[in-house]
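Engineer: Chains as they are written, first to last, in full-length UniProt numbering: chain S, 1 to 281; chain W, 1 to 305.
Derived from the structure by calculation, the hints contain no laboratory data. Owing to the predicted nature of the structure, the values given are computational and were not obtained by experimental measurement. Hints are not guaranteed to be accurate.
[Stated by the list, open to error] Sample of chain S residues lacking proximity to chain W, with all beta carbon distances greater than 10 angstroms (derived): (1) 23; (2) 77; (3) 78; (4) 117; (5) 190; (6) 263.
[What the hints assert, rightly or not] Here are some of the chain S residues that sit facing chain W, going by a computed Cβ distance under 8 angstroms: (7) 218; (8) 257; (9) 260.
Beta carbons are placed, not taken as given, at the ideal position from N, Cα and C, and that holds for glycine.
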Amino acid sequence: MDASPLRDPTIGTGAAAGGPAPGRVVIDARALSLTFDTADGVVHALSDVDLTVREGEFVSFIGPSGCGKTTLLRVIADLERATGGSITVDGVAPAEARTQRLYGYVFQAPALLPWRNVLANVTLPLEIFGMDKASRLEHARRNLDLVNLAGFEKKFPWQLSGGMQQRASIARALSFDPKLLLMDEPFGALDEIVRDKLNEQLLKLWAETAKTVVFVTHSIPEAVFLSTKIVVMSPRPGRIIDVIDCDLPADRTLEIRETAQFLAIAHRVREGLRAGHSYDD
Amino acid sequence: MTIDAAIAPASRPRGPGLLARAFAGTTGPVVTIVAVLMVVWYAAAVWLNAPLVQSETPLSTAELVDATLALERPLLPAPHQILIELKKTVLDTPVTSKRSLVQHAWVTLSSTLTGFAFGALLGLLLAVAIVHVRSLEKSLMFWIVSSQTIPILAVAPIIIVVLGAIGVTGLVPKAIISAYLCFFPVTAGMVKGLTSPDRLHVDLMRTYDASPSATFWKLRVPASVPFLFTSLKVAIAASLVGAIVGELPTGAQAGLGARLLAGSYYGQTIQIWAALFAAAALAATMVGLVGALEGFVLRQMGTRR
Ligand SMILES: Nc1ncnc2c1ncn2[C@@H]1O[C@H](COP(=O)(O)OP(=O)(O)OP(=O)(O)O)[C@@H](O)[C@H]1O
Ligand SMILES: [Mg+2]
Numbered sequence: 001m002d003a004s005p006l007r008d009p010t011i012g013t014g015a016a017a018g019g020p021a022p023g024r025v026v027i028d029a030r031a032l033s034l035t036f037d038t039a040d041g042v043v044h045a046l047s048d049v050d051l052t053v054r055e056g057e058f059v060s061f062i063g064p065s066g067c068g069k070t071t072l073l074r075v076i077a078d079l080e081r082a083t084g085g086s087i088t089v090d091g092v093a094p095a096e097a098r099t100q101r102l103y104g105y106v107f108q109a110p111a112l113l114p115w116r117n118v119l120a121n122v123t124l125p126l127e128i129f130g131m132d133k134a135s136r137l138e139h140a141r142r143n144l145d146l147v148n149l150a151g152f153e154k155k156f157p158w159q160l161s162g163g164m165q166q167r168a169s170i171a172r173a174l175s176f177d178p179k180l181l182l183m184d185e186p187f188g189a190l191d192e193i194v195r196d197k198l199n200e201q202l203l204k205l206w207a208e209t210a211k212t213v214v215f216v217t218h219s220i221p222e223a224v225f226l227s228t229k230i231v232v233m234s235p236r237p238g239r240i241i242d243v244i245d246c247d248l249p250a251d252r253t254l255e256i257r258e259t260a261q262f263l264a265i266a267h268r269v270r271e272g273l274r275a276g277h278s279y280d281d
Numbered sequence: 001m002t003i004d005a006a007i008a009p010a011s012r013p014r015g016p017g018l019l020a021r022a023f024a025g026t027t028g029p030v031v032t033i034v035a036v037l038m039v040v041w042y043a044a045a046v047w048l049n050a051p052l053v054q055s056e057t058p059l060s061t062a063e064l065v066d067a068t069l070a071l072e073r074p075l076l077p078a079p080h081q082i083l084i085e086l087k088k089t090v091l092d093t094p095v096t097s098k099r100s101l102v103q104h105a106w107v108t109l110s111s112t113l114t115g116f117a118f119g120a121l122l123g124l125l126l127a128v129a130i131v132h133v134r135s136l137e138k139s140l141m142f143w144i145v146s147s148q149t150i151p152i153l154a155v156a157p158i159i160i161v162v163l164g165a166i167g168v169t170g171l172v173p174k175a176i177i178s179a180y181l182c183f184f185p186v187t188a189g190m191v192k193g194l195t196s197p198d199r200l201h202v203d204l205m206r207t208y209d210a211s212p213s214a215t216f217w218k219l220r221v222p223a224s225v226p227f228l229f230t231s232l233k234v235a236i237a238a239s240l241v242g243a244i245v246g247e248l249p250t251g252a253q254a255g256l257g258a259r260l261l262a263g264s265y266y267g268q269t270i271q272i273w274a275a276l277f278a279a280a281a282l283a284a285t286m287v288g289l290v291g292a293l294e295g296f297v298l299r300q301m302g303t304r305r
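Kindly produce the complete structure, drawing on both the sequences and the hints.
Structural biologist: So this is what it looks like as structure tokens:
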């Protein structure tokens, strides 16, 4: 896993500044659809989804509950198979991307193993990949630093707050330096103050690591604050109804949420969500 | 309400009442229950044994009560008679004597532990096989469950007699009966334990493209540890029952089962109860030891607070 091109700071800042189309295509979905056969009929979780995510982008999926955000993320991660259309992740099929360990996945719940302390939880993927112990510790320490959890290595999950647990799970997803970070409502269960703080940290982390991030959220301010691109989705059938470019400056702070530019983008997202709903009723 | 609230802080420093304090720990309730049990036991002993008391002269109530609690072969021995018998056969008899209860307990314990070791191992292996080859679950589970519906009292003599006929006697047949009784709780518990990780954790391992063996060792096995100890506690108690049952049909010379049988043969009720108490103490000790090991392991794993 050669990290050097990702470490190039110009890619990250270029993307954040919303300049001309940045890196190469990382996720490419064409006419993607997915149906679940359930006991009470067929559920169209995804229908005719087209999506392009480029290297270094921070893309958020937003939409009401049941619109297929998680399903789309799981298709990208090869945790679910699409029933129609095509998708590539870093130029290959999702199954191959998964076996190449191209992405780190952060679930809605921290999903830490209760019998492992923070350090051992973060080294779990590295153990599975067969990395030697010294490098494992080095990687884990670096990523715990990144999420501000240095000093908590020996704590067990139950000794941590919800926000700290979620940060540990982010450190775990980052531990093997994947190109792509897939995050499913990682801060959904946290209160707004903690969430704001973690949003700032995540933005900083993204700028430092220059990773491509796909992020699921229910929160309009969170989506606008974090993203370079917002994908608005709508349920029954789950589909994309708007893709909004979000060209806020790279070195944004929480205060930016008061600016006219921020509010204008937030307004457009809200309009999109509303349109998706009225279509339904 | 408001008056109560105003008074409460003033009365608080006196602390909880004597009774409440006695019940705060575990000692209070235990002592109370034992005391009640003793009263009921003595009353029952007097009532049940009274018809057995023979006397030419009419007895006073006090004499009658004394007599009911001092019979050589009472219907229900009094607790102190059992304690005296226990003291006699445990402390006052050399371990090498065949009247020593310690020796009998040791004979039973050795087949219990042997059977437990093999039974638990067999139970584990079956659980791992079932979890790995899901199609085994339906076929294997059917036979495993069927095996447990056959009453052990019917199977035990068959095992003892058949093995005895080919010259296998002593510890081995008893251990086989123990193993037969104790593999099932381990299989059932471990199948549950090994499949206990939730979908989230299984998905997490999938995102790492973890091999089945990595998923097994790093996720399924640690998740199953609490289930393992719960089933081991059931299994070791069942194993003791198996060893005692295995001592009954042969008219074995040694073991707690043999003591029970000899006691009932000669109407030695006190001896029966002493053997029963020894078996209960043995079971409690073994379950307690497994529990202590469980506490230690879970603390090491960091999952016990
Ligand atoms: N395994 C499954 N089997 C059957 N139906 C499913 C399955 N997973 C999801 N669905 C259905 O697919 C649709 C999309 O679900 P999904 O979890 O992707 O929604 P979501 O946008 O993530 O919602 P939320 O915001 O509540 O997390 C829903 O109608 C859901 O009921
Ligand atoms: Mg979801």
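Engineer: None of the hints should be skipped; say for each whether it holds.
Structural biologist: Here is what the structure says about each hint:
no.: 1; hint: 23; in the structure: 23 angstroms, holds
no.: 2; hint: 77; in the structure: 6 angstroms, violated
no.: 3; hint: 78; in the structure: 8 angstroms, violated
no.: 4; hint: 117; in the structure: 6 angstroms, violated
no.: 5; hint: 190; in the structure: 18 angstroms, holds
no.: 6; hint: 263; in the structure: 37 angstroms, holds
no.: 7; hint: 218; in the structure: 19 angstroms, violated
no.: 8; hint: 257; in the structure: 32 angstroms, violated
no.: 9; hint: 260; in the structure: 40 angstroms, violated
Hint check: violations occur at hints 2, 3, 4, 7, 8 and 9; the rest are consistent with the structure.
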